[in-house]
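Visitor: One letter stands for each residue in the lines below.
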Amino acid sequence: DGGITQSPKYLFRKEGQNVTLSCEQNLNHDAMYWYRQDPGQGLRLIYYSQIVNDFQKGDIAEGYSVSREKKESFPLTVTSAQKNPTAFYLCASSIAGGNQPQHFGDGTRLSIL
Amino acid sequence: SQKIEQNSEALNIQEGKTATLTCNYTNYSPAYLQWYRQDPGRGPVFLLLIRENEKEKRKERLKVTFDTTLKQSLFHITASQPADSATYLCALNSGGYQKVTFGIGTKLQVIP
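If you read the protein sequences in the order shown, they are chains A and B. Just so we're aligned, residue 657 is where the first sequence starts under our numbering, counting upward by one. Just so we're aligned, residue 348 is where the second sequence starts under our numbering, counting upward by one.
Keep in mind the hints are simulated off the structure, nothing from the lab. Since the structure is predicted, the reported quantities are computational estimates derived from the model, not experimental observations. Keep in mind that the hints are not guaranteed to be accurate.
Stated by the list, open to error - With a straight-line cut-off of 25 Å between C-alpha atoms, the simulated DSS-like cross-links for lysine-lysine are:
#, chain 1, residue 1, chain 2, residue 2
1, B, Lys446, A, Lys726
2, B, Lys404, B, Lys364
3, B, Lys350, B, Lys404
4, B, Lys446, B, Lys410
5, B, Lys446, B, Lys418
6, B, Lys446, B, Lys364
7, B, Lys418, B, Lys454
8, B, Lys404, A, Lys713
9, B, Lys404, B, Lys454
10, A, Lys713, B, Lys406
11, B, Lys402, A, Lys665
12, B, Lys454, B, Lys406
13, B, Lys404, B, Lys446
14, B, Lys418, B, Lys404
15, B, Lys364, A, Lys727
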């Protein structure tokens, strides 16, 4: 079955550590996205990519980095510069060109030790 | 400033009744609006998309309306069932055709 796989489901980070969240899709979608979800807030866009080797900052990119070396993969690194990283992180993909539904993974919950 | 407002409080409804959820927006001019369902601990699942030139869209027991004058979308679930209990998110395109902004969501509880 086609879909998006995020791993791990739960992740713990120590202070000062960088961590990388994995996102893989086999839907052959060009566009991929990373969101952060906090209680009482809507999904907020961190980064998005419309094509391989290209990505743009979203609304809250500070303290995060991404790469898009393969169409199927869009890993997100939460750096030590992100001061409040505890959140539920969601990856999505869609057909490029706008006006398209996004397909989401089941998220990674990141907590600080 | 730009805002998307959904009822942040939970909506409780009796099984079999029609649930109506509201999405209001300010200072956006969306070309389209989407509705998603999210269950606890899971990612959102796409339900319906409605374009600015469409007044209404239906899919099985779901109906969405889009009023660009009122800057509002209504999401209806007819003959609601306990399995419809979830949080429903609206999203509209913002800052470019591909980028979307999500509302907080409304939690729906269907009581047997």
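Visitor: So, for every hint listed, does it hold in this structure?
Guide: Consistency of the hints with the structure:
1. Lys446(B) / Lys726(A): Measuring from Cα to Cα gives roughly 21 Å; hence the hint holds.
2. Lys404(B) / Lys364(B): holds (20 Å)
3. Lys350(B) / Lys404(B): holds (24 Å)
4. Lys446(B) / Lys410(B): holds (24 Å)
5. Lys446(B) / Lys418(B): Given that 25 Å is the threshold and the Cα spacing comes to 19 Å, the pair holds.
6. Lys446(B) / Lys364(B): Given pair Lys446(B), Lys364(B) is violated - Cα atoms ~34 Å apart, limit 25 Å.
7. Lys418(B) / Lys454(B): With a Cα-Cα distance of about 21 Å, the restraint between Lys418(B) and Lys454(B) holds, given a limit of 25 Å.
8. Lys404(B) / Lys713(A): violated (32 Å)
9. Lys404(B) / Lys454(B): holds (22 Å)
10. Lys713(A) / Lys406(B): violated (34 Å)
11. Lys402(B) / Lys665(A): Violated - the C-alpha atoms of Lys665(A) and Lys402(B) are around 39 Å apart, more than 25 Å.
12. Lys454(B) / Lys406(B): holds (20 Å)
13. Lys404(B) / Lys446(B): holds (22 Å)
14. Lys418(B) / Lys404(B): holds (16 Å)
15. Lys364(B) / Lys727(A): violated (44 Å)
In terms of the numbered hints stated before, the structure departs from hints 6, 8, 10, 11 and 15, listed from lowest to highest.
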